[in-house]
Amino acid sequence: MINATPALKAESRDLNFFYSNGNQALKSVNMPLYENKITALIGPSGCGKSTFLRCFNRMHDLYPGNKYEGKIVMHPDNTNILEAGVDPIEVRMRISMVFQKPNPFPKSIFENVAYGLRVRGEKNKRTVADKVEEALKGAALWNEVKDRQQDLAFNLSGGQQQRLCIARALATDPEIMLFDEPTSALDPIATANIEELMSELKSKLTILVVTHNMQQAARVSDYTAYMYLGEMMEYGDTDTIFTRPTRKETEDYITGKFG
Amino acid sequence: MTTETLKTKASVLENLVAVRAMIRRHKRNDVIFAAIGLIALMLGLLTLLTLFIDLVMDGYPRFNLEFFSNFPSRRAANAGLLSAWVGSLLVMAVTFLTAVPMGVAAGLYLEEYAPKNWFSDLIEINVSNLAGVPSIIYGLLALGLFVYGLGLGESILTAGLTLGLLTLPVVIVSTREAIRGIPVAIREAAYAVGATKWQVVKDHVVKYSQGGILTGVIIGMSRAIGETAPIITIGALTFIAFLPPAPITEVAPFINFEWLSSGFTVLPIQMFNWLSRPDHAFHTNAAATGAIIILLTLLMNGTAIYLRYQIRKNIKW
Ligand SMILES: Nc1ncnc2c1ncn2[C@@H]1O[C@H](COP(=O)(O)OP(=O)(O)O)[C@@H](O)[C@H]1O
Ligand SMILES: [Mg+2]
Chain A
813 MINATPALKA
823 ESRDLNFFYS
833 NGNQALKSVN
843 MPLYENKITA
853 LIGPSGCGKS
863 TFLRCFNRMH
873 DLYPGNKYEG
883 KIVMHPDNTN
893 ILEAGVDPIE
903 VRMRISMVFQ
913 KPNPFPKSIF
923 ENVAYGLRVR
933 GEKNKRTVAD
943 KVEEALKGAA
953 LWNEVKDRQQ
963 DLAFNLSGGQ
973 QQRLCIARAL
983 ATDPEIMLFD
993 EPTSALDPIA
1003 TANIEELMSE
1013 LKSKLTILVV
1023 THNMQQAARV
1033 SDYTAYMYLG
1043 EMMEYGDTDT
1053 IFTRPTRKET
1063 EDYITGKFG
Chain B
22 MTTETLKTKA
32 SVLENLVAVR
42 AMIRRHKRND
52 VIFAAIGLIA
62 LMLGLLTLLT
72 LFIDLVMDGY
82 PRFNLEFFSN
92 FPSRRAANAG
102 LLSAWVGSLL
112 VMAVTFLTAV
122 PMGVAAGLYL
132 EEYAPKNWFS
142 DLIEINVSNL
152 AGVPSIIYGL
162 LALGLFVYGL
172 GLGESILTAG
182 LTLGLLTLPV
192 VIVSTREAIR
202 GIPVAIREAA
212 YAVGATKWQV
222 VKDHVVKYSQ
232 GGILTGVIIG
242 MSRAIGETAP
252 IITIGALTFI
262 AFLPPAPITE
272 VAPFINFEWL
282 SSGFTVLPIQ
292 MFNWLSRPDH
302 AFHTNAAATG
312 AIIILLTLLM
322 NGTAIYLRYQ
332 IRKNIKW
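Line order of the protein sequences matches chains A and B.
Numbers 813 to 1071, taken from our numbering, label the letters of the first sequence in order.
Numbers 22 to 338, taken from our numbering, label the letters of the second sequence in order.
So that you can see chain A by itself, here it is in the shape it has in the complex (with noise of 0.2 angstroms):
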């Protein structure tokens, strides 16, 4: 890096988590997210990716028994998110999220991005419509169904859907956007077309991405970090991470000899 290092917006602190089963699929993790960088989380299938990313938006609390350990630090505010007091819709609220498989809801176009705000109890119908506009041009969406915002949100295309949820998570301006394998269910043109759209939104929010994808990790991250069941194995800067990795473990999955 030629600058100096920029700012922190989230750090995970000694992060341990355990599913309601007993199984801890966290082990003292420790982390920075630096703002306005893209940070990837690498990784075989099952080390604890997606558990690591839905500790940010407290998306465990939705089922019961499962316990978080340790802090994630959210900046400039200095809040831990994963603190008992502080309310799991509030920090939903700061930090939005995009999933593996699309998910709009039946819905039309305009209530899927739309819904954020009316959660929000937003009432005027320009503010609404404005930042609906607003969502779907930063989701790169808005030439393609600016005149059919009333269709079912069905009726669109795979990579159009990605995109549809990703205008719902940008329409209430998160601080971070996490993003779960968001292109595993999407083919090559439609994953490129999201790669792009995440390079763009960077200028806007900080964005932490799981991918399985090692050649997409190098494209689109600044940042990479390798887990490996449930630890954090190495973590750099992206350059550095696929070009000379300290461990020999993260090489080896790097090219491919496990994985």
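Quick caveat, the hints were computed from the structure, so don't treat them as lab data.
Treat the hints loosely; a few may be bogus.
Claimed, not checked - Here are the computed lysine-lysine pairs in the DSBU-like style, where the Cα-Cα straight-line distance is at most 30 angstroms:
#1 A:Lys-937 / A:Lys-958
#2 A:Lys-1016 / A:Lys-958
#3 A:Lys-1014 / A:Lys-935
#4 A:Lys-1014 / A:Lys-883
#5 B:Lys-137 / B:Lys-218
#6 B:Lys-223 / A:Lys-943
#7 A:Lys-879 / B:Lys-223
#8 A:Lys-958 / B:Lys-337
#9 B:Lys-228 / A:Lys-958
#10 A:Lys-913 / B:Lys-223
#11 A:Lys-943 / B:Lys-218
#12 A:Lys-849 / A:Lys-943
#13 A:Lys-958 / B:Lys-223
#14 A:Lys-913 / B:Lys-218
#15 B:Lys-228 / A:Lys-949
#16 B:Lys-334 / A:Lys-913
#17 A:Lys-958 / A:Lys-919
#18 A:Lys-879 / B:Lys-218
#19 B:Lys-337 / B:Lys-137
Keeping the supplied structure of chain A fixed, place chain B with the ligands upon it in accordance with the hints.
Then chain B with the ligands, alone, in the frame of chain A:
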């Protein structure tokens, strides 16, 4: 090995003959099973159809407007269904208004809010069992609770509440099943933008389970409309030559609740009454009523299927 894997043409052909014989053998089972299934299906359908045709043929002379606009009478040819169908309609209205809100609320609570523990498991088992309790038991319960306990008398309200109780488990079970059909990914999507539980329930869960709930409601109601035993237990009258006070009046406040406490009869009881007369002319009336009840049930079930199709059309998962 290499010599073994080189197959001669003869051995390939021989093998092919064997494979074809095997496929033929296996396919024979398909045909046999399809035949058995078809016979079973036909036995059920044909019995019902025969019954229906029989009723229609017996009741044929009564299919005219007077049959619907006349009160029961001592003369079979003049006796009509007016008090019975109006009674059925009013009772069903009470049933609908009690079973649907309570059943949907209970189903929503059990599925979305109740903590999952041994107690909720116990309730779950009980609710499913309630759906299978013989209807006369509901009649006895209603006699003790509504007629004597709460002093509601042998009224439309009592009958509606009784059939509401009977329909309640069906509504609860179908509500829960419809809710369970909503994919986790859709819920998580809603929570992920910051929705509260109540927002998820009202904006998504209720909306997407409407089709299933509605189907359950209609099927439950179509069962209730033909119920006789519990209605007899709570003391429905068998001969009624008056109508309950109208629910809507011409003077303010335009709504009248006196009909709730009125005596009543319903279609299956009217049918039962005519059937038990020694005079054969009344059996024609009974047959006509039976055909109408079957038709009504089919119509309601058909509506349920149609509505489910219409509502599910826009939802793909
Ligand atoms: N709901 C759950 N309950 C218990 N264990 C789980 C649950 N979900 C995932 N796991 C386990 O946690 C580990 C990490 O899973 P996950 O985070 O989904 O991996 P990844 O996203 O890296 O493929 C796996 O061993 C998985 O079996
Ligand atoms: Mg995963």
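Which of the listed hints are not met by the structure? Violated hints: none; all satisfied.
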